[in-house]
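Engineer: Residue numbers (this note's numbering), protein chains in the order written: chain A, 1 to 348; chain B, 1 to 161.
To be clear, the hints were calculated from the coordinates, so they are not data collected in a lab.
As the structure is a prediction and not an experimental result, all values here were calculated from the model.
Positions of the beta carbon are idealized from the N, C-alpha and C atoms, including for glycine.
Treat each hint with caution, since some may be false.
Unchecked claim - Partial pick of chain B residues on the chain A-facing surface, computed with a CB cut under 7 Å:
1. L50
2. A60
3. K69
4. R73
5. C91
6. V113
As the list claims (entries may be wrong) - Below, a list of computed lysine to any residue pairs in the SDA-like style, where the Cα atoms sit at most 25 Å apart:
7. B:K39 - A:L15
8. A:K19 - B:T82
9. A:K247 - A:V275
10. B:K69 - A:M99
11. A:K19 - A:I230
12. A:K247 - A:I326
13. B:K39 - A:R16
14. B:K140 - A:P319
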Amino acid sequence: MATENIPPMRNIRHLRPQKEWKEIIAIYLYLAGMGAGSFFIGTLISWLGVKLDPPFLSSLHLFGYTLNLSKVPIFWGPIMVAIGAPFLILDLGIKWRFMYACLNPRTSWVARGFIILSIFIVLGLVLLIKSVLPFGWLHSESTLWRIPEVIALVFALGTALYTGILLKATKSVPLWNTHLLPILFLVSALSTGSMSIILSTLGTGVFSHDAGALKVLMGAEQVLVVIEGIVLYLFLSRRYRAAEQGKDSVRLLLFGEMKMIFWGGVVFLGFIFPVVLEYIASFFPGNFVLIFAAGIFLLCGGFFLRVGILHAGIKDQIPMHRLMEIQYNMMAGRKVNPRITVHESQSH
Amino acid sequence: MDQKVLVVDQQKCTGCRLCELVCSVFHTGTSNPSRARLKIVKWEDVGLYLPMACNHCEKAYCVEVCPTKACHREPESNNRVTIDKNLCIGCRTCIIACPFGHPFFDIQERVTVKCDYCDGDPQCVRFCDIKAISFLDVDKTNVAKKREAALKLRASINPSR
């Protein structure tokens, strides 16, 4: 008589990651990170006085004014964050109540995040608009603008770090409960941000000649990708050893349901393809299609990194569950054993 | 005032889910177990049932992560942790933070809900026929276990009795 095999309780196909935060939160984390990283790198470029080639449209005539678009590619990060922030509100049960969180900034990281993002978006957009508007009374080259720029830079760094801190603050998921997660998201934000700047200046002829500034930016971006890879490795290896559920999360990410997202989305799209394509592109200085493809792949990789880490979050096990697990395995063992006995008696 | 807590004896639970039913009726007016404030986790193949009720932890993660203080402690009502439905924004951070998987998202009301001891008269305790859930004073929670251990000790010392 055949007895049905009982799957063990801790089986990779039966791991239960959290289902509360899904793609909407991943989009929010991604856009907030990329936008903040882009603004951070862009401000540094601006401070260093590097002259990038202008985008497709260097100026725009509107209502009799000439808008200066030359700095838009390096300051467009706040627009991304402003697009991403509503995704967090979209995920709320009652959308209009997000104001309650803004009014209680000292309560938790979700509330602090609202404040950090709001300040960054407002300051960033002010700086973006300042760089675009042609009015003389704005004194756009004045050193006084350095003050809001420094504040915006700090909040850009805060926004990039916050995306990781938000997950870290929910302490019961071992995969997220580490200082390496905000660092990983920060490095990923900087690499995707610098790539978004490179992409936004593509097609302007910068690769047809020896554009030094862009080469430095490309080099920095490649270094950031390598650092991101190292941090990701450290993150996964540390979490694998941290707790049983951390181990389960890493197994789920590497070999379980999320393996396509991890290997296909994060490793190949996010790391291997961009590095290989950029290496090939270095032999074809005039061909920016390869750089464009590498950029798109890298940006997709950044998104899949957030999706993977969100979906692989498995909660810590409470002692009661552990007790039930032991009981389950004992009872499952009791059920399986008679089958073996029957099988042996039949063979005799 | 003596503080009382819910005590679950998972050995007694038969998985009938009557507690879920009465909980949803009391809190929502509908007999819909998916809207109950406690859940029975079942392993039917081996006959294990685990009623998961809120533990109202002393160091409650749900209170720590709530962005609006909707999730708060009420020392005057059995020191319970409860969620103010009028303040909850439905961000579900508390659900992720709770290691016991307790607060639940009510799809109809679009907010997070949790056990509030039914304002001092838990319906799950009232309707559980086999008394798998009881509402006891804090200092009496371990009495049953102590009694069992004492009986075992007596049996081992004096097997004839």
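Engineer: Compare the structure with each hint and give your call.
Structural biologist: Hint check results:
no.	hint	in the structure
1	L50	6 Å, holds
2	A60	11 Å, violated
3	K69	6 Å, holds
4	R73	14 Å, violated
5	C91	6 Å, holds
6	V113	11 Å, violated
7	B:K39 - A:L15	19 Å, holds
8	A:K19 - B:T82	23 Å, holds
9	A:K247 - A:V275	29 Å, violated
10	B:K69 - A:M99	13 Å, holds
11	A:K19 - A:I230	28 Å, violated
12	A:K247 - A:I326	19 Å, holds
13	B:K39 - A:R16	16 Å, holds
14	B:K140 - A:P319	21 Å, holds
In this structure, the earlier hints numbered 2, 4, 6, 9 and 11 are contradicted, and the remaining ones agree with it.
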